[in-house]
Amino acid sequence: MIPEIGHFALILALAVSIVLGVVPMLGAWRAVPEWIALAVPATRAMFLFVLLAYVCLTYAFVAKDFSVAYVAQNANAELPLFYRISAVWGAHEGSILLWALILAIWSVAVSLASRTLPDVFRARVLAVMGLVSCGFLLFMLMTSNPFERLLPAPANGQDLNPLLQDPGMVIHPPMLYIGYVGMAVPFAFAVAALMGGRLDAAWTRWTRPWTTVAWVFLTAGIALGSWWAYNELGWGGWWFWDPVENASFMPWLVATALMHSLAVSEQRGAFKAWTVLLAIFGFSLSLLGTFLVRSGVLVSVHAFATDPERGIFILAFLAVVIGGALALYAWRANAISGGGSFRLMSRETLLLINNVLLVVACATVLLGTMYPLIIDALGLGKISVGPPYFDAVFAPLMLPLVFVLGIGPLTRWKGDTALRVVRRLRMAFVASLVIAIAIVLITAGSSPLLLAALTMAIWAMATTTVGFLARVRSKADFRQGLRALPRSFVGMSLAHIGVGIFIIGVAFTTSFSTDRDVRLAPGDSEVLAGYRFQFEGVSEVPGSNYLAQRAAVRVFKGDKQVAALFPEKRLYPIQSQPMTEAAIDAGFTRDLYVALGEPLADGSWTVRLYYKPLIRWIWLGPLIMAIGGLLAASDRRYRSAGKARRTVGETPADTVLSAEPSRG
Amino acid sequence: MRPRRQRMIFVAVVLIGVAVATALALTAIGENMLYFYSPSQIVAGEAPRGHDVRIGGLVVDGSVARQANGLDVVFELTDTAAAVPVTYTGILPDLFREGQGIVALGKIGNDGVFQAREVLAKHDENYMPPEVAEALKLAAEGGSMPNPHEKPAGSKP
Numbered sequence: 001m002i003p004e005i006g007h008f009a010l011i012l013a014l015a016v017s018i019v020l021g022v023v024p025m026l027g028a029w030r031a032v033p034e035w036i037a038l039a040v041p042a043t044r045a046m047f048l049f050v051l052l053a054y055v056c057l058t059y060a061f062v063a064k065d066f067s068v069a070y071v072a073q074n075a076n077a078e079l080p081l082f083y084r085i086s087a088v089w090g091a092h093e094g095s096i097l098l099w100a101l102i103l104a105i106w107s108v109a110v111s112l113a114s115r116t117l118p119d120v121f122r123a124r125v126l127a128v129m130g131l132v133s134c135g136f137l138l139f140m141l142m143t144s145n146p147f148e149r150l151l152p153a154p155a156n157g158q159d160l161n162p163l164l165q166d167p168g169m170v171i172h173p174p175m176l177y178i179g180y181v182g183m184a185v186p187f188a189f190a191v192a193a194l195m196g197g198r199l200d201a202a203w204t205r206w207t208r209p210w211t212t213v214a215w216v217f218l219t220a221g222i223a224l225g226s227w228w229a230y231n232e233l234g235w236g237g238w239w240f241w242d243p244v245e246n247a248s249f250m251p252w253l254v255a256t257a258l259m260h261s262l263a264v265s266e267q268r269g270a271f272k273a274w275t276v277l278l279a280i281f282g283f284s285l286s287l288l289g290t291f292l293v294r295s296g297v298l299v300s301v302h303a304f305a306t307d308p309e310r311g312i313f314i315l316a317f318l319a320v321v322i323g324g325a326l327a328l329y330a331w332r333a334n335a336i337s338g339g340g341s342f343r344l345m346s347r348e349t350l351l352l353i354n355n356v357l358l359v360v361a362c363a364t365v366l367l368g369t370m371y372p373l374i375i376d377a378l379g380l381g382k383i384s385v386g387p388p389y390f391d392a393v394f395a396p397l398m399l400p401l402v403f404v405l406g407i408g409p410l411t412r413w414k415g416d417t418a419l420r421v422v423r424r425l426r427m428a429f430v431a432s433l434v435i436a437i438a439i440v441l442i443t444a445g446s447s448p449l450l451l452a453a454l455t456m457a458i459w460a461m462a463t464t465t466v467g468f469l470a471r472v473r474s475k476a477d478f479r480q481g482l483r484a485l486p487r488s489f490v491g492m493s494l495a496h497i498g499v500g501i502f503i504i505g506v507a508f509t510t511s512f513s514t515d516r517d518v519r520l521a522p523g524d525s526e527v528l529a530g531y532r533f534q535f536e537g538v539s540e541v542p543g544s545n546y547l548a549q550r551a552a553v554r555v556f557k558g559d560k561q562v563a564a565l566f567p568e569k570r571l572y573p574i575q576s577q578p579m580t581e582a583a584i585d586a587g588f589t590r591d592l593y594v595a596l597g598e599p600l601a602d603g604s605w606t607v608r609l610y611y612k613p614l615i616r617w618i619w620l621g622p623l624i625m626a627i628g629g630l631l632a633a634s635d636r637r638y639r640s641a642g643k644a645r646r647t648v649g650e651t652p653a654d655t656v657l658s659a660e661p662s663r664g
Numbered sequence: 001m002r003p004r005r006q007r008m009i010f011v012a013v014v015l016i017g018v019a020v021a022t023a024l025a026l027t028a029i030g031e032n033m034l035y036f037y038s039p040s041q042i043v044a045g046e047a048p049r050g051h052d053v054r055i056g057g058l059v060v061d062g063s064v065a066r067q068a069n070g071l072d073v074v075f076e077l078t079d080t081a082a083a084v085p086v087t088y089t090g091i092l093p094d095l096f097r098e099g100q101g102i103v104a105l106g107k108i109g110n111d112g113v114f115q116a117r118e119v120l121a122k123h124d125e126n127y128m129p130p131e132v133a134e135a136l137k138l139a140a141e142g143g144s145m146p147n148p149h150e151k152p153a154g155s156k157p
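Chains as they are written, first to last, in this note's numbering: chain A, 1 to 664; chain B, 1 to 157.
None of these hints come from the bench; they were simulated from the model.
A hint or two may mislead.
Partner residues are not named here, just some residues of chain B that face chain A (Cβ under 7 Å, in silico) [what the hints assert, rightly or not]:
id: 1; residue: Val13
id: 2; residue: Val14
id: 3; residue: Asn32
id: 4; residue: Leu34
id: 5; residue: Tyr35
id: 6; residue: Gly90
id: 7; residue: Asp94
To be clear about the criterion: a stretch of chain B counts as covered by chain A if any three or more of its residues have a C-beta under 8 Å from a C-beta of chain A, and this derived list gives those stretches [said to hold, decoys possible]:
id: 8; segment: 22 to 29
id: 9; segment: 64 to 72
Cβ coordinates follow ideal geometry from the N, Cα and C atoms, glycine included.
Hey, can you work out the whole structure from these sequences and the hints?
This is the structure in structure tokens:
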């Protein structure tokens, strides 16, 4: 009964989304206030129905209703409650439902936080989001209904994929989806603005916090995914350039570019057409990501369940969304007038370089991801593009980006003199270079890339500090100056520091990690990077829904024991699937990582040992970036954006722009 | 700067950036492309020696043999028409087992033995890498995979 209610709720949600996508849009076109007013209640109704469907599916998991095919495939009577709840998004159907729910949540959030927007504009934004929801609900009902019954019902389910039975996997997909789907908000704002033919400063000010929040979740989601892969896949790696990782990384790159170009559009009125285009591309890449992950065209650790029919649906949907938005753009872009002028040496130019680098980086990732698919589709053979390609392309693009990152915030809008900027930053540059050389000498590293990466990482942090102190010192009193700083500035500074920390982590982990596969009998020990790993033997330990072989490994530095690690080899009998559960001694300066291989005839085991310096910094950096993003999104001027609208909304767009005071 | 000149510079910067990146990316992709071969193709000598390639197939039942040190493994991969011996040093993935479809990355030695550097088995018991599935299908039909090297002379692998 409950699953049928869920199914019915989905159908109702689809009906409401069609109304939401059509009626307010026509109302905005024909200026019918009643139709426009329908947008908000329809958004809420759609949200409630999708939520109801989601609750029904969760209930089916909690109640172990194995007559629902999706539950039977992804849960088991022995699966702990915690994982039964997260199993809702453990496979295709449920994750699309989660996707639809998150889209509905974003829509409701927009409807709640947009009271100050002009009614027509708000109606258009919500209608665009309604149309996107409509596409996803239709997709779910036509190709991937999570409520499909399995009759007769099996006595027990097939269990959740053991890889997904991990706390990291519980929060990673929702985080990532919130970010992915959040890109629908700037997209909807851009499309609505194109329809209205008005892209003024108010528009960018409304779009900015939404973009930033979506970016925050995307950042956190990708970092969590990387952390999960490191913990769970037992290969000790943190990024594999796997197509599905790329699928989430591409929207991130575009979202980052969009955040920066929005800054120019808001402060200076320039790059507006470009900003709109980025908003369209950001969401298109989110959809492309869904297509890549769900269509089965990719070979990937994520390709758990695949179905070509679904791929075709998403591809068609993708074509409609991108094609429609770009057609609208082509038709309307002329209405977007250029903004304030600027000189070559100005913050605008530096942000332009930032955007070009980020978009080009995104294009290279796209090329590496799609190239094998295209070659295959043309019948030219099966190829794959591995991590060396991405490594080779990425460093030359990212290091200049970080260099520009250091200069941009300290350069004035509109125009500056190179001499002034050089004078402000030369100390920071010398200091970065000296510290980086010192680190390379101390650690006996040898690659020029390591030196370049370290210099740029320290440069990012040093220049940010210079800018920060300059801002604080502009007030007479230090504490007063600190308090007077706008949150958006503090947020930006934090995020840029996070970039530096991330790069240091990557540089160290890449250059100085060591690993070894060894054969160890109980009592044997092996020395790696100055640590002695002593293998104490393996015992059998039963788990809730698995059986584990657990090894005890004691790690010594000198004579002192620094860690006791218990890596496991688990067997999940329901899926008859073995799983390596690595044991990690995490630390600020280094991780020690032990993974069990296989038992050998004489009672010894193959064991893989890793030493990973500063690997935690790889996740610490994005965490700081995300916190910075949250701070920036909560800046006071977005909260008072409503007041600004009252004065701004009625004036024609271009006069508003030239009247915009330039901000720091 | 006037809007027109500004747009010109904008376009110029974008074009230069894109041109540099395209050159970079195409060079990198050319150098780092990995071709896939089926065991039949390797036995027929279609795959280049000494270059990194990927090979996929089923692990032959009863072929997996561990050397005395416990880390060196030898096994055979087949597409049902032909089999290739593979050596690997280190720990194999969880789902590596006899009869399972796997993909290996490595070089073909002069003795015809495939020296694998990486072995991938997917995280689903019933999952078959699409390349392997296609190679098996073609072998069953007596056909063969398209050879990526049947291209105009001079193009590098």
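Here is what the structure says about each hint:
1. Satisfaction of the interface hint for Val13 of chain B is found here, the shortest Cβ-Cβ separation to chain A being roughly 6 Å, below the 7 Å cut-off.
2. Of the supplied interface hints, the one on Val14 of chain B holds, with its beta-carbon coming within about 6 Å of a beta-carbon of chain A, less than 7 Å.
3. Among the interface hints, the one on Asn32 of chain B holds; its C-beta lies about 4 Å from the nearest C-beta in chain A, closer than the 7 Å criterion.
4. Proximity of Leu34 of chain B to chain A holds as hinted, the smallest CB-CB distance being about 5 Å (cut-off 7 Å).
5. For Tyr35 of chain B, the shortest C-beta to C-beta distance to chain A is roughly 5 Å, which falls under 7 Å, so the interface hint holds.
6. Checking Gly90 of chain B against chain A by beta carbon gives a least distance of about 4 Å; that is within 7 Å, so the hint holds.
7. Look at Asp94 of chain B: its Cβ gets to within about 5 Å of chain A, closer than 7 Å, so that hint holds up.
8. Coverage of the segment 22 to 29 of chain B by chain A holds in this model, with 4 residues showing a Cβ closer than 8 Å to a Cβ of that chain against a need of three.
9. Counting residues of the segment 64 to 72 of chain B whose beta carbon lies closer than 8 Å to any beta carbon of chain A gives 4, which reaches the threshold of three, so the coverage claim holds.
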